Amino acid sequence: MRTVKTSDITKAVRDMCIHANLHFPEDCKKAFREGAAREESPTAKEVFRQLIENIDLAAETGVPLCQDTGLGVLFVEVGQEVQLDGNLREALNEGVRRGYQEGYLRKSACDPFTRKNTGDNTPAVIHFDIVPGDKVRIALMAKGGGAENMSRVTMLAPSEGWAGIKKFVLTRVAESRSNPCPPVIIGIGIGGTFEHSAKLAKKALLRKLDDTHPDADLAAKEKELFDLVNKLNIGPMGLGGKTTCLGLKMIVEPCHIASLPLAVNIQCHSSRHEEVEI
Amino acid sequence: MAQYELNAPLSDEDARKLRSGDVVYLSGTIYTARDAAHKKLCDLLDAKEKLPLELEGAVIYYVGPSPAKPGNVIGAAGPTTSYRMDAFAPRLHSLGVKASIGKGIRNEAVKQSLKDYGAVYFGATGGAGSLLGTCIKEAEVIAFPDMGPEALRRLRVERLPLLVINDSVGGELYVQPDLKAVGLA
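If you read the protein sequences in the order shown, they are chains A and B.
Residues in the first sequence are numbered from 1 upward in steps of one, following this note's numbering.
Residues in the second sequence are numbered from 1 upward in steps of one, following this note's numbering.
Check each hint, because a few of them may be wrong.
Label pairs and their computed distance ranges (CB to CB) [said to hold, decoys possible]:
(1) A:W162 - B:E49: 54 to 60 Å
(2) B:R91 - A:G133: 54 to 60 Å
(3) B:C42 - A:K242: 36 to 42 Å
Some chain A residues close to chain B (C-beta under 10 Å, calculated; not the full set) [as the list claims (entries may be wrong)]:
(4) T6
(5) L57
(6) V63
(7) Y104
(8) R106
(9) R115
(10) G146
(11) T171
(12) S178
(13) P182
(14) V229
Calculated from the structure, these hints are not laboratory results.
Remember, predicted model here, so these are calculated numbers, not experimental data.
From the three backbone atoms N, C-alpha and C, an ideal C-beta is built for every residue, glycine too.
Please model the entire structure based on the sequences and the hints provided.
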């Protein structure tokens with residue numbers, strides 16, 4: 001057994017909250033530059049120009065990339081040989097609390113009915129998993145509300161298959177139009193159950209934009225649907241253009257013989273997530 | 001497509017001359033409000049109480065800024081998604097509000113109210129919060145301080161870069177998705 005200090009976990013989460021909201025991931029920045037080069041309309045080019053200037057400004061001044069600094073969504077993998085010296089959930093939430101307070105980040109968590117702000121951006125949404133090994137691995141997303149609102153889960157009939165999946169995803173992106181801050185990143189979860197597909201979709205958003213799915217058939221499907229989405233001509237901020245989506249990532253797992261669960265999690269262009277291993 | 005330097009509050013003439021696609025650099029006094037603040041404003045109107053802002057010519061920015069770091073006026077301050085304010089916007093336009101600033105599509109009732117009252121809907125670049133925050137020179141909470149980021153603020157802005165999305169004659173800048181290109185129509 002290896003002992004991991006919960007204080008180290010709190011510190012790591014705090015640091016990730018602040019860093020992720022100020023420093024844009026390199027793979028996404030590269031996608032912006034490629035998008036700017038690809039677009040022909042002055043409006044689409046201007047959107048990318050502002051977004052690239054915004055990235056540099058946030059890193060320089062310490063003012064967040066976006067005022068919606070997100071709800072904290074954490075994927076936590078705990079090695080089964082790890083012994084913790086305290087309350088893990090509380091340590092993670094304390095990290096979020098400190099990060100959002102000390103980093104001057106917006107607190108966006110509220111009661112669904114009274115709409116009263118909880119004041120410290122907790123509780124974070126935490127997904128735990130137990131894995132082999134003696135490490136703790138934490139992935140943090142600062143997930144904005146605008147794009148999350150455009151996300152959906154559906155239970156397709158198995159006979160609808162890949163054609164039905166494509167239709168649902170394309171319709172969802174088309175109906176969302178300018179709302180989720182395109183160009184978007186699309187996380188797709190297929191399989192499992194109702195709730196599991198949504199979790200897979202969220203997890204798919206943690207993949208690097210320039211990675212390739214290890215399964216050749218799924219890689220081809222991702223590419224096919226990615227190209228289709230970019231034919232919708234929604235473009236940067238919905239003003240038209242070739243770049244509606246910067247990446248489309250799927251995670252697929254087995255499901256019930258009666259079901260074809262499908263979740264589409266939309267991520268705005270400000271894709272803020274980081275990972276740490278302790 | 002024209003380019004204008006305008007001052008807020010907006011005159012009726014300024015609002016009516018704008019067309020979808022025009023670029024506007026807006027300076028002057030504007031107000032922040034998201035859906036929760038809109039609801040409170042409408043509650044005050046229902047109760048026939050005095051509002052904390054002057055609606056005539058007002059420009060309302062749909063934004064919930066991040067907290068100001070020490071020495072700064074405000075934090076990041078980009079637009080939030082506008083459809084959540086659709087239920088309230090026509091009433092405010094009927095009372096003199098000349099423009100809103102946000103991102104994302106508006107419903108037919110809002111677009112009709114722009115025509116009815118000679119108002120416009122501006123888009124600002126979503127996700128450019130750090131950049132847009134630099135255009136804000138003064139910020140003061142003037143109502144609902146308990147709502148934190150959702151409080152009603154008065155801002156003094158300098159050259160806030162905006163695009164006219166919907167104008168007062170039915171113009172629309174957001175494109176219709178090309179459903180044919182993907183076999184959906």
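To see whether the hints hold, each was checked on the structure:
no.	hint	result
1	A:W162 - B:E49: 54 to 60 Å	57 Å, holds
2	B:R91 - A:G133: 54 to 60 Å	59 Å, holds
3	B:C42 - A:K242: 36 to 42 Å	41 Å, holds
4	T6	27 Å, violated
5	L57	5 Å, holds
6	V63	5 Å, holds
7	Y104	5 Å, holds
8	R106	4 Å, holds
9	R115	6 Å, holds
10	G146	4 Å, holds
11	T171	7 Å, holds
12	S178	5 Å, holds
13	P182	9 Å, holds
14	V229	8 Å, holds
Of the numbered hints given earlier, the model fails hint 4 alone.
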